[in-house]
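Modelling step: build the complete structure from the supplied sequences, incorporating the hints.
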Amino acid sequence: MEVQLHRLLLPLLFLLSWPFFLNDGGRSPARDASPPDLYPIVLLPGHVCSQLSERLTGAYEPPAAICGARKGEGWFRLWENYTALQQDPALVPCYADQLRLVYDPVARDYRDAGGGVGPLKSLAAAKRQTAAAAQRRAIPERQQELRERVRDSTDA
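Under mature numbering (1 follows the signal peptide of the UniProt record, and there is no 0), read the sequence shown as residues -25 to -1, 1 to 131, first letter to last.
It is worth saying that the hints were derived from the structure and are not from the lab.
Computed beta-carbon distance windows for the label pairs:
(1) S28 to D84: 19 to 29 Å
(2) D79 to I41: 25 to 35 Å
(3) D79 to E116: 32 to 42 Å
(4) V92 to V125: 47 to 57 Å
The C-beta atom is built at its ideal place from N, Cα and C for all residues, glycine as well.
Rendered as structure tokens:
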């Protein structure tokens, strides 16, 4: 009888431990499940203030009642200054929500969460435009580098 239990122990351990053979220890959600609501981090430079303004529309759904207090009041600065957040820490989730971008899996890109109108059509578009501008600035530098290489190769 003792030998038979020993023979059953190995298959039993294998059956119970199969989730640990997966890369994530069996913690991954089902493949059909929708991805979790994860958003990118938006960092604003400096401690003074930014020039980003916004007007909240009726479509804005605030995470807390205090966040919707500026609905219908017109334009306001999104990030007053560093000391404003220290004076009223309850506003931090409001600023984070109003600067939030969401991932659109169909377009495979980020877009604004909605409910706010700003001078920038889209913070995500601003990110793309900034990257495009950096690439445009790099083109003349790259062209100059290529010209120098051609000149050096013809001189040699």
